[in-house]
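Participant: Given only the sequences and the hints, what does the whole structure look like? Please build it.
Note that the protein sequences, when read in sequence, are chains D and B.
Heads up, the first sequence stops at 264 in the working numbering, and the numbers go up one at a time, no gaps.
Heads up, the second sequence stops at 264 in the working numbering, and the numbers go up one at a time, no gaps.
Be aware that a few hints might be false.
Note: identical chains are not told apart, hence a pair may lie in one copy or across any two.
Only pairs whose alpha carbons sit at most 20 Å apart, straight line, appear in this in silico SDA-like list of lysine to any residue [what the hints assert, rightly or not]: (1) LYS30 with GLU67; (2) LYS45 with PRO59; (3) LYS89 with ARG203; (4) LYS89 with LEU56; (5) LYS30 with PRO10.
Keep in mind that the hints were calculated from the coordinates and are not lab data.
One letter stands for each residue in the lines below.
Protein chains: 2
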Amino acid sequence: MSKPLILVINDDGIHAPGLRALIKAVRQLGDLVIVAPDKPMSGMSHAVTLNTPLRVHKLKEEEGYAEYSCNGTPADCAKLGHKAIIGRKPDLLVSGINHGSNASVNVVYSGTMAAVIEGAMENVPSIGFSLNDYSINADFSKCEPYILSIARKVLENGLPDYTCLNVNIPAVNGSPIKGIKIVRQALAYWEESFEHRKDPHERDYFWLSGTFRNRDNGEDTDEWALRNNYVSVVPLHFDLTSHKTIPLLRDWETGNLN
Amino acid sequence: MSKPLILVINDDGIHAPGLRALIKAVRQLGDLVIVAPDKPMSGMSHAVTLNTPLRVHKLKEEEGYAEYSCNGTPADCAKLGHKAIIGRKPDLLVSGINHGSNASVNVVYSGTMAAVIEGAMENVPSIGFSLNDYSINADFSKCEPYILSIARKVLENGLPDYTCLNVNIPAVNGSPIKGIKIVRQALAYWEESFEHRKDPHERDYFWLSGTFRNRDNGEDTDEWALRNNYVSVVPLHFDLTSHKTIPLLRDWETGNLN
Numbered sequence: 007m008s009k010p011l012i013l014v015i016n017d018d019g020i021h022a023p024g025l026r027a028l029i030k031a032v033r034q035l036g037d038l039v040i041v042a043p044d045k046p047m048s049g050m051s052h053a054v055t056l057n058t059p060l061r062v063h064k065l066k067e068e069e070g071y072a073e074y075s076c077n078g079t080p081a082d083c084a085k086l087g088h089k090a091i092i093g094r095k096p097d098l099l100v101s102g103i104n105h106g107s108n109a110s111v112n113v114v115y116s117g118t119m120a121a122v123i124e125g126a127m128e129n130v131p132s133i134g135f136s137l138n139d140y141s142i143n144a145d146f147s148k149c150e151p152y153i154l155s156i157a158r159k160v161l162e163n164g165l166p167d168y169t170c171l172n173v174n175i176p177a178v179n180g181s182p183i184k185g186i187k188i189v190r191q192a193l194a195y196w197e198e199s200f201e202h203r204k205d206p207h208e209r210d211y212f213w214l215s216g217t218f219r220n221r222d223n224g225e226d227t228d229e230w231a232l233r234n235n236y237v238s239v240v241p242l243h244f245d246l247t248s249h250k251t252i253p254l255l256r257d258w259e260t261g262n263l264n
Numbered sequence: 007m008s009k010p011l012i013l014v015i016n017d018d019g020i021h022a023p024g025l026r027a028l029i030k031a032v033r034q035l036g037d038l039v040i041v042a043p044d045k046p047m048s049g050m051s052h053a054v055t056l057n058t059p060l061r062v063h064k065l066k067e068e069e070g071y072a073e074y075s076c077n078g079t080p081a082d083c084a085k086l087g088h089k090a091i092i093g094r095k096p097d098l099l100v101s102g103i104n105h106g107s108n109a110s111v112n113v114v115y116s117g118t119m120a121a122v123i124e125g126a127m128e129n130v131p132s133i134g135f136s137l138n139d140y141s142i143n144a145d146f147s148k149c150e151p152y153i154l155s156i157a158r159k160v161l162e163n164g165l166p167d168y169t170c171l172n173v174n175i176p177a178v179n180g181s182p183i184k185g186i187k188i189v190r191q192a193l194a195y196w197e198e199s200f201e202h203r204k205d206p207h208e209r210d211y212f213w214l215s216g217t218f219r220n221r222d223n224g225e226d227t228d229e230w231a232l233r234n235n236y237v238s239v240v241p242l243h244f245d246l247t248s249h250k251t252i253p254l255l256r257d258w259e260t261g262n263l264n
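Facilitator: Below, the structure written as structure tokens:
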């Protein structure tokens with residue numbers, strides 16, 4: 007039986023330590039094609055590059071392993087890796103390890119998770135990994151047994167159609183990770199503040215900044231799992247419909263108004 | 007009673023005809039603050055600007071009306087408009103009119119709809135409008151009665167918490183729009199192709215291109231409504247959890263693996 011072919015993406019860029027830790031882990035599971043942005047692309051969400059040509063550089067190639075950088079976004083890297091570089095459906099797509107949380111509402115802003123949702127759109131079994139540790143010396147190595155456990159289960163069992171996984175690993179210092187919980191996305195938000203400054207030419211500018219606020223204390227949420235030292239696994243889809251709202255708006259339907 | 011305060015955003019940029027048509031329509035409903043990108047930002051999805059200062063230029067101010075351009079993304083414009091320019095919760099956020107479809111899976115890539123989802127995160131009643139006409143001479147004026155009908159209902163009734171609306175208006179030529187349908191997001195995808203070219207220096211580059219493919223013939227979908235000359239209204243939320251998948255993965259839970 008041939009080895010699984012695994013497409014590896016991230017949003018922190020080709021040189022990020024989190025990507026190296028992910029490569030080290032999944033190298034044990036199959037052949038790898040890495041396609042990563044040539045610079046950090048955090049907060050790029052599902053942006054795609056429509057007005058600029060995409061450039062791809064092959065950085066390394068050996069038996070069962072090839073590594074490329076790309077000037078595009080994480081979603082571009084997922085599309086390019088699948089359609090232009092590999093040219094067939096990979097057996098697995100993994101993205102990360104993101105340097106910081108993609109739990110709860112962070113998933114909406116995440117380039118790491120956009121690459122994973124791209125995979126789900128193409129029905130490629132896809133998993134995003136994030137370590138909820140913002141320290142410059144974050145220790146990605148402790149993620150490995152959880153990456154292997156989850157990636158092996160996905161390779162063996164697949165995932166439901168058009169579904170992918172958002173895996174967040176807690177920042178624990180000293181205390182052990184307690185295990186894996188299957189949970190839902192917590193309802194949270196970023197409370198933005200804009201720092202208003204003047205540049206040396208007396209022109210105004212703003213820095214976007216914010217504080218994460220959780221509105222959801224459910225024990226079935228990713229935020230609860232992470233706060234309690236569990237790895238959170240949220241199955242995601244890309245149907246944004248609020249189905250329960252549809253019947254509430256039914257009487258807004260009209261005929262022609264022109 | 008004071009007039010409603012309406013925040014107006016788009017992703018095609020401050021000079022786009024679709025924005026002008028939206029302003030003309032909603033000017034009848036309240037006071038307006040427009041915050042739009044200073045250049046086209048299609049396909050930017052929910053990207054936010056974390057590494058570059060945001061600049062805002064006031065272009066116009068008169069009684070009940072102010073217009074600003076910003077160097078950020080549509081999501082930045084929504085955040086800045088609400089938090090740094092208005093400084094209080096607007097009564098309504100509208101975005102568009104997008105030049106092209108944001109129905110079905112397009113919502114994931116859309117800057118127009120990211121601004122609307124930003125509104126929902128802050129519990130501001132928010133609506134995105136798109137005209138499914140890619141022609142350079144697209145006639146945005148026929149959208150007005152539908153914009154007014156839907157925006158008035160939202161101003162009167164509000165929307166459920168953390169919910170917003172994705173409104174798409176069909177490209178009809180000659181035949182009349184039949185009315186408004188409340189529907190769900192169709193399951194569709196973009197079949198990408200990458201055009202591989204050589205630049206004048208013999209270096210490779212790729213253009214991202216693609217064909218829209220609908221996998222979903224449900225008569226309760228936005229794609230069905232639009233194909234049948236109805237305006238589609240999809241209520242959206244930002245919980246990406248595939249709730250039905252959670253019980254299927256329950257036995258993937260483990261204890262500590264380190």
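Participant: None of the hints should be skipped; say for each whether it holds.
Facilitator: Tested hints:
{"no.": "1", "hint": "LYS30 with GLU67", "in the structure": "within (16 Å within a copy, 57 Å between copies)"}
{"no.": "2", "hint": "LYS45 with PRO59", "in the structure": "both (16 Å within a copy, 18 Å between copies)"}
{"no.": "3", "hint": "LYS89 with ARG203", "in the structure": "between (44 Å within a copy, 15 Å between copies)"}
{"no.": "4", "hint": "LYS89 with LEU56", "in the structure": "within (16 Å within a copy, 30 Å between copies)"}
{"no.": "5", "hint": "LYS30 with PRO10", "in the structure": "within (15 Å within a copy, 56 Å between copies)"}
Going down the numbered hints, you'll see the structure goes against none, and every one checks out.
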